[in-house]
Each structure stands twice: as C-alpha cells, then as structure tokens.
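Enquirer: When we follow our numbering, the leftmost residue of the sequence shown carries the number 3, and every step to the right adds one.
Watch out, some of these pointers could steer you wrong.
As the list claims (entries may be wrong) - In silico lysine-lysine, BS3-like type, Cα no more than 27 Å apart, as pairs:
hint, residue 1, residue 2
1, K208, K478
2, K38, K72
3, K428, K450
4, K310, K383
5, K409, K450
6, K348, K326
7, K342, K326
8, K331, K310
Stated by the list, open to error - Simulated DEER-style distance windows between Cβ atoms:
hint, residue 1, residue 2, range
9, F69, Q289, 26 to 32 Å
10, V106, K415, 21 to 27 Å
11, A90, S334, 47 to 53 Å
Derived by calculation from the structure, the hints in this document are not laboratory data.
C-beta atoms are modelled at their ideal positions from N, C-alpha and C, and glycine is treated no differently.
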Amino acid sequence: MALPKRSEDYSSWYNDLVKQADLAENSPIRGCMVIKPYGYTIWEKMQAELDKRFKETGHTNAYFPLFIPKSFLSKEAQHVEGFAKECAVVTHYRLKNAEDGSGVVVDPSAKLEEELIVRPTSETVIWSTYKNWIQSYRDLPLLVNQWANVVRWEMRTRLFLRTTEFLWQEGHTAHATKQEAIEETEQMLNVYAEFAQNILAIPVVKGVKTANERFAGAEETYCIEAMMQDGKALQAGTSHFLGQNFAKAFDVKFAKKEGGLEFVWGTSWGVSTRLMGALIMAHSDDQGLVLPPKLAPIQVVIVPIFKKEEELAAISELAAEWVKELRAKGISVKYDNSDKYTPGYKFAEYELKGIPVRVAIGPRDLQNGTAEIARRDTREKFTVDSSLLTEKIPSLLDEIQQNIYQKALDFQKQNTHEVNAYEEFKKVMNNGGFALAHWDGTPETEEKIKQETKATIRCIPLDAANEEGKCIYSGKPSNRRVLFAVAY
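With the sequences and hints as input, model every part of the structure.
Expert: Structure, rendered in structure tokens:
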C-alpha cells in the first residue's frame with residue numbers, strides 16, 4: 003500500500019509509515035503501543051550507543067521500583083503539581099470472581115492502605131533510596147542510570163511520539179557541590195547532542211528551558227531541540243539541575259570533608275522512545291524509512307536475480323563470500339534468496355524499511371564481474387566491480403551517514419529565521435520552522451504567544467549572543483533571541 007505524501011498529509015504519512023515499516027502498532031490498551039521486532043532492534047541500537055556513553059562518563063545502571071507510594075510525590079510540591087494530572091494510581095491488590103459469574107471484579111476488601119503511583123518518573127523513589135546510600139562526602143558523586151518504562155496518562159496519543167507507556171532511560175546523580183551538579187547536567191546534555199548528531203544524524207539546538215517549560219522540581223532544565231520535516235520542533239532530550247530540592251524533600255545529607263552536614267546537589271536526565279519518532283520524521287521520505295547506517299537493523303541487503311536454480315547457486319556462492327567479509331567488518335548484512343517474492347517486491351520492501359544499501363546481482367553481472375548498488379538516501383543506482391564490493395561498502399555507509407546528517411542540517415538552517423515583528427513571526431509559525439526572536443522574559447508574554455499561535459519557547463539557545471532588541475509581542479526591551487516553534 004502506497005504511503006500518503008508528506009506534503010499532502012504529514013500526520014497520516016507518519017502513522018502509516020510506522021505501521022507499514024513494521025516498527026510498531028497500537029495495542030489493545032488505549033494509548034499504549036506494541037514495539038515490533040524491527041522497531042525494537044533500532045531502539046536496542048540506540049540503547050547500546052547511549053549506554054556506552056553513560057559508562058564512559060562514569061555512570062552505572064541500577065533498577066528501582068515501578069510503584070511509588072503516593073506520599074513520596076507529596077514531598078516535593080512542584081514535582082507533584084507537575085505530574086498530578088498524568089498519574090495512574092493503584093488502589094487495590096486483588097481480584098475475585100463476580101458472584102453472578104460474569105468474570106472478575108475488584109475485591110473491595112483488598113484496598114491498599116496507601117495508594118501506589120505507577121512511576122511517571124523516578125526522582126522520588128530514587129531519592130528516598132539515596133538517603134540510605136549517602137552519609138559522607140566519600141559516597142559522592144553517586145552516578146546512576148536506569149533503563150525502564152514509565153506511565154504518563156495521555157489523552158491524545160501517537161505511536162512513539164506520545165504514548166501512555168513508553169520506554170526510556172533516566173539518570174539520577176548526587177553531588178557534593180552545586181558546581182559539580184551543574185557540570186554533570188551540562189555534560190549529559192552534550193552527550194545527548196553528540197549522540198543525536200553522530201548516531202541519529204539529527205542536528206539539534208542546545209539550550210535552557212524557560213521557567214514555564216522547566217521540569218517540575220528542577221532549578222534549571224537543559225534540552226536539545228530537533229526540527230522535523232514539517233518544520234515542527236521535537237524535544238529530543240533533557241537534562242535537569244535539581245539543586246537541593248529533592249535532597250531537602252527526602253532529607254539526603256552528607257558529612258562534609260571539613261566537617262558539618264549539607265544537603266547533596268542533584269541532577270536527572272533522560273531520553274525516550276520518542277527518539278524513534280524523531281528518527282522517522284527527520285529523515286524518511288514518501289517511499290518509506292531512511293535510516294542512518296549506524297542505527298539500521300540491516301545495513302546491507304543482497305538480492306539475487308535469477309530464473310534457474312543453477313544461476314541462484316552460482317550467485318549464492320559469491321554472495322556467501324560477501325556476507326562473510328562484510329560481517330567480519332562489523333556490518334550487518336542479509337542475503338535474501340527466498341523465492342516467495344519477486345526481486346521488484348523485495349526492492350520496494352527494503353526501500354520501505356530504510357535499508358541503507360541494496361546490492362542486486364544477476365547472471366549477467368556474474369559474467370561481467372559486476373554488481374548493482376542502490377543507495378537508500380539518494381535512491382541513486384550504480385555498478386561496481388564485484389571483486390571490490392566489500393571494500394567499497396564501509397566507506398559508502400559512512401558517506402550515507404554523513405549525507406543524511408548534512409541534508410537534515412541544511413533543512414534546519416533553511417527553515418530557521420530571525421524575526422523582528424509579530425506578523426512575520428506568525429507567518430513563520432504557520433508555515434513551519436524555527437523562529438529566533440526577542441522576548442521580554444515574562445511568563446505572561448510567553449503564554450499569550452502560545453495561546454495565539456500554538457508556538458512555545460523551545461529553549462534559550464546556549465550560543466545565543468547578547469543582542470539588544472524589542473520583544474516581538476510586547477515591544478519591551480530584550481537582550482537576546484530565544485527559539486520559538488510549534489512542537490510535538
């Protein structure tokens with residue numbers, strides 16, 4: 003089934019692509035998704051790349067409970083206010099058969115003394131644990147990450163982008179000084195930005211959130227913002243400086259080297275399966291997925307073209323050598339010699355699934371010592387000497403990775419505009435894109451712009467230079483531009 007065109011119905015294009023490319027599907031539970039094997043393999047590759055970076059920066063993995071006592075959330079006022087409307091609550095611990103035989107019902111006598119919250123995020127349960135782990139400066143810094151699922155009750159859901167349950171990692175660290183905690187927050191933001199650029203092939207803007215957009219319970223939220231092909235922004239990762247807020251809420255103190263007790267300083271940071279949505283929307287086209295080679299479950303597929311069994315046997319002999327040599331170079335490769343589908347059908351299927359390199363070889367190629375290569379990113383086809391194929395593919399994959407990134411970077415630059423007037427700003431927001439504009443710094447102006455245009459301040463860019471100007475909305479003085487966009 004052909005995909006809708008992005009230019010005509012971007013939302014349907016995205017939804018259909020996720021399903022047709024076998025990435026995910028809706029589950030029987032409203033707002034939840036089934037991540038299918040092909041999609042989960044991409045997520046596993048993301049996990050592996052991120053996990054390697056976390057460990058290289060001194061972090062270790064742990065696991066904390068799915069359930070959080072309701073009283074824990076009450077201890078940090080901003081935090082509970084930020085998540086209260088999204089929480090799923092467990093009130094009973096047992097079912098029983100209905101007396102009329104209609105099925106099972108909740109046993110009213112099995113009510114919990116204290117309700118449990120299905121974690122929307124783990125700060126509270128982790129900081130209650132850190133109270134037992136931290137006594138002295140010798141216990142710091144404490145650098146912990148967990149890979150987990152979380153639940154945030156969403157009214158409007160979309161596969162990967164916004165689901166009631168999603169997968170993520172959440173880092174939670176504790177430090178002896180404010181400066182150490184801020185440096186940790188900034189370090190992890192840079193880890194996310196490097197990962198986005200070099201693995202996802204997505205350029206991002208690094209910045210700080212406004213007070214309105216800040217994580218509930220944080221003193222500062224840093225973020226990376228990515229541009230999708232419809233010009234909308236997608237928050238691709240956040241890193242939060244928590245100050246001493248959670249340490250004070252859970253009484254986490256440490257004995258200082260010079261004597262005396264002090265509350266520890268905290269951070270938290272995370273990315274989720276939302277990155278799958280970013281990957282799809284930043285690169286893919288009307289024919290299907292376009293996957294950066296570093297994340298593709300299959301980097302190279304070899305498709306034989308044959309009519310007779312002896313032709314297939316001869317092609318398979320050469321293909322077996324290629325598979326062995328490519329795998330020895332760490333390249334994932336599939337040889338598809340099944341006779342269930344025609345080569346044309348296979349080409350369309352592998353194009354839909356975003357496999358970076360497709361190799362086709364038939365009897366005439368065997369005679370001529372050649373093979374045909376098709377690039378997924380440019381859809382270009384060319385002939386190569388078959389004896390040199392395995393030498394050329396590693397550099398070709400690197401070239402494809404860089405080209406996908408460059409294309410996304412060019413798109414971001416072309417659709418990022420400096421605007422100085424509100425009417426101009428509204429045009430940019432209607433057409434899609436990023437607007438760098440002056441803002442007077444007040445939450446009231448920020449909220450009015452959001453109500454009138456649906457645009458939010460995605461971040462105050464870290465590289466924003468001091469520049470005197472006037473707020474596009476109020477006309478009041480401003481000393482730098484901030485990044486506005488309509489966001490997912």
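Enquirer: Work down the list of hints and note, for each, if the structure agrees.
Expert: Structure-based check of each hint:
no., hint, verdict
1, K208 to K478, "holds, 26 Å"
2, K38 to K72, "violated, 33 Å"
3, K428 to K450, "holds, 13 Å"
4, K310 to K383, "holds, 25 Å"
5, K409 to K450, "violated, 34 Å"
6, K348 to K326, "holds, 22 Å"
7, K342 to K326, "holds, 24 Å"
8, K331 to K310, "violated, 32 Å"
9, F69 to Q289: 26 to 32 Å, "violated, 45 Å"
10, V106 to K415: 21 to 27 Å, "violated, 58 Å"
11, A90 to S334: 47 to 53 Å, "violated, 38 Å"
Comparing the model with each numbered hint stated earlier shows that hints 2, 5, 8, 9, 10, 11 do not hold.
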